[in-house]
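Make a model of the complete structure from these sequences and hints.
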Amino acid sequence: MNFTLKVWRQKNAKDAGGMVDYAATGIIPDMSFLEMLDVVNEGLIAKGEEPIAFDSDCREGICGTCSLVINGVAHGGQRGTTACQLHMRHFTDGQTITIEPWRARAFPVLRDLVTDRSAFDRIIEAGGFISVNTGGTPDANALPISKVDSDRSMDAAACIGCGACVAACKNASAMLFVSAKVSHLGLLPQGQVEKDRRVAKMVAQMDAEGFGNCTVTGSCEAVCPKEISLSFIARLNRDYGVSLLKGVK
Amino acid sequence: MSLDAKIPSGPLAQKWDKHKFDMKLVNPANKRKFDVIVVGSGLAGASAAASLAELGYKVSCFCFQDSPRRAHSIAAQGGINAAKNYPNDGDSVYRLFYDTIKGGDFRAREANVYRLAQVSANIIDQCVAQGVPFAREYGGLLANRSFGGAQVSRTFYARGQTGQQLLLGAYQALCRQIGLGAVKMHPRTEMLDIVVVDGHARGIVVRDLVTGEVSAHAADAVVLATGGYGNVFFLSTNARGCNVTATWRACKKGAFFANPCYTQIHPTCIPVSGDHQSKLTLMSESLRNDGRVWVPKKKGESRRPDQIPEDERDYFLERKYPSFGNLAPRDISSRAAKEACDNGLGVGPGGLGVYLDFADAIKRLGEATVRERYGNLFDMYEKITGENAYRAPMRIYPAVHYTMGGTWVDYNLMSTVPGLFVLGEANFSDHGANRLGASALMQGLADGYFVLPYTIGNYFATAKQPKVNTGHAEFKKAVDGAQALTKKLLGINGKRTVTSFHRELGKLMWEKCGMARSEASLKEALKRIPELRAEFWKNLKVTGENNSLNQDLEAAGRVADFLEFAELLCLDALTRKESCGGHFRVEYQTPDGEALRDDEHYSYVSAWEYRGPDQPPVLHKEPLVYEEVHMSTRSYK
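Going down the list, the sequences are from chains V and F.
Note that the working numbering has the first sequence beginning at 1, numbered continuously upward.
Note that the working numbering has the second sequence beginning at 1, numbered continuously upward.
Don't take every hint at face value.
[Said to hold, decoys possible] List time: in silico DSS-like cross-link candidates among lysine-lysine, alpha-carbon distance up to 25 Å: (1) K495(F) <-> K11(V); (2) K47(V) <-> K538(F); (3) K11(V) <-> K487(F); (4) K201(V) <-> K184(F); (5) K31(F) <-> K58(F); (6) K467(F) <-> K47(V); (7) K621(F) <-> K102(F); (8) K495(F) <-> K47(V); (9) K11(V) <-> K488(F); (10) K33(F) <-> K464(F); (11) K47(V) <-> K488(F); (12) K252(F) <-> K621(F); (13) K18(F) <-> K6(F); (14) K47(V) <-> K11(V); (15) K252(F) <-> K47(V); (16) K11(V) <-> K541(F).
[Said to hold, decoys possible] Calculated Cβ distances over 12 Å to all of chain F for the following chain V residues: (17) N2; (18) K6; (19) A13; (20) P29; (21) S56; (22) D93; (23) D207; (24) N213; (25) T215.
Calculated from the structure, these hints are not laboratory results.
Predicted, not measured: the structure shown is a model, and the values here were computed from it.
Backbone N, C-alpha and C define an ideal beta-carbon position, used for all residues, glycine too.
In C-alpha cells, the structure reads:
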C-alpha cells in the first residue's frame, strides 16, 4: 500500500510549525499506524532528515502515551482503539492521511506530534487520590463493597489518561478525564471520606490549567479508546454541585 | 570482594520480624534531612517514592515517560498473588513461598522469597484502601482465581487490567506526595549515570529529554526501579522505551549484575507479521485452558487449517505431555513450539507460528460460552491480525516477556555499591530462574511499599556519610562523561540507523541465546556481538542535535548499552552449564528433552563484576543454601 501523509512538523514549542507532505510507500496492511510511521522515519533518517517525533510506549493500547489526530479524529476513529492498535488494513491504498498532534491550550506542542500533557498529572496531584499512607490499613475484606458499585468504579478507572477527550472537544474540556477519576474513587466507600474536597480541588485545578467547559456534545466519549461513559460527567457535576452547596474549598 | 547477602539468622519464618527489630531507625525529625533519588515510576518506583515521602524523607523521582502513570507495569494483565487464603482452599504464607521457590527452579534466595510471601497479604490491604477496584463477588468480598497452574486460588485481579489498576493506585499515592511538596517529580528525564563518592552512591546524572540539558542531582541514597532488559531481544512484550541503561551503567560503576541469562519466554503471543514489527503482544495464558495447540504433519503445508484432516495434524503438546497437554508450563510449551517451527512445520508468515485451535471448544461449549470466556482476547487478536479466531484457529508464537536477572542485591535490596538500592524487575532477587504468573506485581509492590522503607532507614542510621553537593569533582566527571557520550553518538555520522542495529542484535540474541542455547550458538553470539558493536560505533547515523527533543538520540544511547549488556547475557548463559527455568542449554537435558538441573555444581547466584571495556567481567558466586525446602525436579509428563 502507498499513502500520502500530511504531517504536522514543529521544531519546538516556540516554532510556528506547519504541515509537510511525505510519501509512505511499501506499507503492508498488517502494520500498525505507528509501525507505518516507523517505516517513514527510517527512510527519513537514511536520507539524513530528522524523523517525525511522536510519543508511544507500550503499543498495546494501555499506557496512554500515543496521541495522534488522524484525519481529524483523535486516535483515528476506530471505536475503542488507540492509535497504536489501529492497523493500516483499515485505510485505502493511495489515500491521503493527515496527522496532527492533540490541539489544546493546556497541551502545548513540544515537537511535531509530541505534546505536554502534564496538566493531567497536576489535576491528579490536586486531589485525585485517597489519602492513605502505606501500612496500617484494615484487612481488605473488612469492607464489603457491592459488586455493582465496584464494577462501575472499574468502568471509570479504566481511563488511560491519553487526552483524546480533550483533543476531540471543541472547548478542549477535560471533563471526561476528571469525571472518570472522581467517579472511580467516589463510587467506592473508601473514597467517600474526602469526596467533596476531592472534586472541588480537581475542578479548580482543571480550570487553572486552561481546559474549557463541557457543553455535552459527547465527542469525548466517541473517541475515548476505553469508551468511558459520558454519564460520569453527570456524576461529576452532581458531586461538584454538592461540594459547592457545602461550601467546600 | 566477597558477596554478603546479609540474610538474618534464625528460623526462616522469623527472619524478617527479627531483622525489622534489629535495624536502626531514623528519628522522625531527622528524616527530612535525607534526600533520596528514585529512578523509575512503575509499581516498585512509585510505591517506594510515595512511601518514603510519607515517612518524611525528601524524595526526587525521575522517569523517561511523559508521566509517571505510563510505566510498563501498566500493561500487566493477569493478576497479583497474595497468601490471603480467602477461598479457604489451603493457601498459606508457606505454600506461596514454596510454590515461588519451586517455580523458580530452586535458583532464588530462600529468605527473600519467604519475606515476599509474608508481605503479600499487606499489599492487597494497601491497594484496597487506596481504591483499587479489584474484582468482587456479589456478597461484596474480593474474588480470587487460580492462575498459571497454581493449585490454590490466590490471585486477585481487576478485569484484564490488574497492572494498570495497581499502578494507578501507586501513581495516585505518588501524586498526593508531589502535591504536598514531599516528592519532586522529573518526567521526560533519563538517567545516564550513577555518581559514586567515597564508595557510596551519592547521586545521578540525567538528561532532560525535551531540552537536552544534562544535569547532576545529589542525594543520600539512590534507588533504581527501572524494570527489565527484555528489549535486548528487540522484539518482546516490553514497551518500546524499556531499556537496560540505568542498571547497566550502575553495573559499570560497581553494582554487580546477577543471573542475566534468566529470561522468560511467554508461549502465547501474537506472531511476528513482518520485518516492520516493532513489538509483540501477549495474550493471556488462560487461552490454553480451552484451545488446542497443533501444527500440520506435512512440511510446506499450503492448505487452509480447516481443510487439513485430523490425522494430518500433530497436537504436539498433547502428544509429548499427555498429563498436562496444552497446559504445560511456559518454558516447556515455548520450546515445543520452537522445535515444531525449526522442523519446518510452522504456520503463517515466515513459518513462525503454531495453531491454537478453538474448534473443539466451540463444538463442546458453543460459541457463546467461548465468547463469554475469551471475547476480549479474540477481539484483541482480530484487531491486530484482522482474523476471526471463531472461524479459523489463532496463530501464536513465544516471545520474550520478563527478565528474572538483574542487579545483585542483598536482603536489604542494596547492591554492591552502598547506598544504591534496586527494586522490582530491575533486581534479581525473588524469582530464581523462572517467574510464576501473577508474581511480578507482587514483588514490585512488596519491594516499594514494605521492604525498602525499612531497610533504607537502617542504611542512613549506620552509613553516616557526610553531605555532598553537585559541585563535587565526581559529579563534574560524570556530567562530562555523559555529555561526551552524547557528542560521540551524534558525531559518528555513518550510514545505518539505530533501529537497524537494534533489530540485528535482537535477531542474533533470539537465535543464539533465546529459547534454546548451546555452547556453539553462544560462542558464535559472543564473537558476533563485539563485531556488531564495533560497527555501531563506526557506522551509526543519528540525526538532529542534542539540545532538543531527539528520540533518535535517546534510542541510540539505549542500544549502545544493549550492545554491551548482550555480551554479558551470553557469557552468563555460556558459563551456566545446566538447564534451569528460563535458561535451557541443549547439552543439558534428560533423554526425553526436559531441563536437566545440576544442583551439585550450579546452585549459586552468578554475580558479574564489570572490570572495564577491554577486560572480561569477573564472576562472583553467592551459594544458595536451602534450610527449609528440599530441592526436587519438576515433571509435567
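Checklist line | Hints the structure fails to honour | finding: Numbers 6, 15, 19, 20 and 21, in rising order.
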